[in-house]
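Based on the provided sequences and hints, a complete structural model is requested.
What follows is each chain in one-letter form.
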Amino acid sequence: MSITGLLQFIARWFRLDVFVALIVASMLVGIVIWVGAPLVTLPDGSEGTVPSLDAYLFVSGALFSIGVFGFLARRNAIAMLMSIEIMLNAVNLAIVAFGGYVPALTVHASVIALMVMAVAAAEATVGLAIVIAIFRNRRTPLVDEYAAMSE
Amino acid sequence: MTLPQAIPFLNWSWDYFLFLSLVVVLLGSGIMTVLGRNIIHSGLWMMVCFAALAGLYVLLGAPLVAAAQVLIYIGAISVLVLFAIMLTQTKFGPARLVFHRQASSAAVAAAVIALILLIVVVDTDWPGQGVSVLHTATDALARLLFDRYVLPFEVVSVLLLAAVIGGIYLAKREPDEPSGP
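In order, the protein sequence lines correspond to chains A and B. Going by my numbering, the residue at position 61 of the first sequence is 61; the numbering climbs one at a time, nothing skipped. Going by my numbering, the residue at position 112 of the second sequence is 263; the numbering climbs one at a time, nothing skipped.
Please keep in mind that the hints were generated in silico from the structure rather than gathered at the bench. Every residue, glycine too, gets a C-beta built ideally from N, C-alpha and C. No incorrect hints appear here.
Pairwise CB distance ranges (calculated): (1) A:145 with B:267: 29 to 39 Å; (2) A:13 with B:288: 41 to 51 Å; (3) A:27 with B:304: 38 to 48 Å; (4) B:306 with A:34: 38 to 48 Å; (5) A:18 with B:323: 36 to 46 Å; (6) B:222 with A:47: 32 to 42 Å; (7) B:276 with A:30: 22 to 32 Å.
Here it is as structure tokens:
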């Protein structure tokens, strides 16, 4: 790749949303590092930090808040459904994290996570079918134009 | 020679390094999904987000959940979402205004939720937790799923069947309706 190609590539991604994503993601990762990781003795005798349950749970909470923002702020109905999928995945991550660290929940957590995935798939099917059915009547996927009930 | 099990100077184990890199990818692509101006790009970023989450499941010692994540989310739901995007695209291209007017208050609400969850997570002493990750044996999972959880399993299968039939019914074109936009 030539220098101009590289500069063009950088200029293409030199956008506000990419900047916001980088800044917010690095802030959240800073919090994840601040939440902490226990220092353990690794199998070869050296000491190192390993991820903790708290860090996983905060990652799950951060992903859930991202989904909440998308659901409240986006105008497109399909983008709102994508935000719901992100929230369901965040909950799934919390469930599997509990299964990974609490001995009494180890196998049960995987079973519950698989159930959540199946229900999420059913929800996505019906939700997208509803969006397509509304689109056929109103010719737009933007939810703020679905104002028939207020007219 | 073998690699040292902790990264020099940082004292991170390789698990922690992988965890942090997957978290960067996960949260960054999640935010790009939510903020992206072009909705097709949003759908593709969502696939990246799900792939990073599958990596985290592997780190948590749940390989079957990771495989199901790849099959169901990346393979099925993302394709479904992308097809729905293609079916609902208008001729005017992506909308000029991606967000509602109240997007700033939505951002404040999301930040407050994240803060509350952070306080809860840090303040709570989760009971009975170990330090190292416990791996889930797939045969134990299968035995539990088809023994103790067999009734929820069957209910979920009926739910999926009902959802598929309902989806077909909702998205079906009426016979007397004019075709296509």
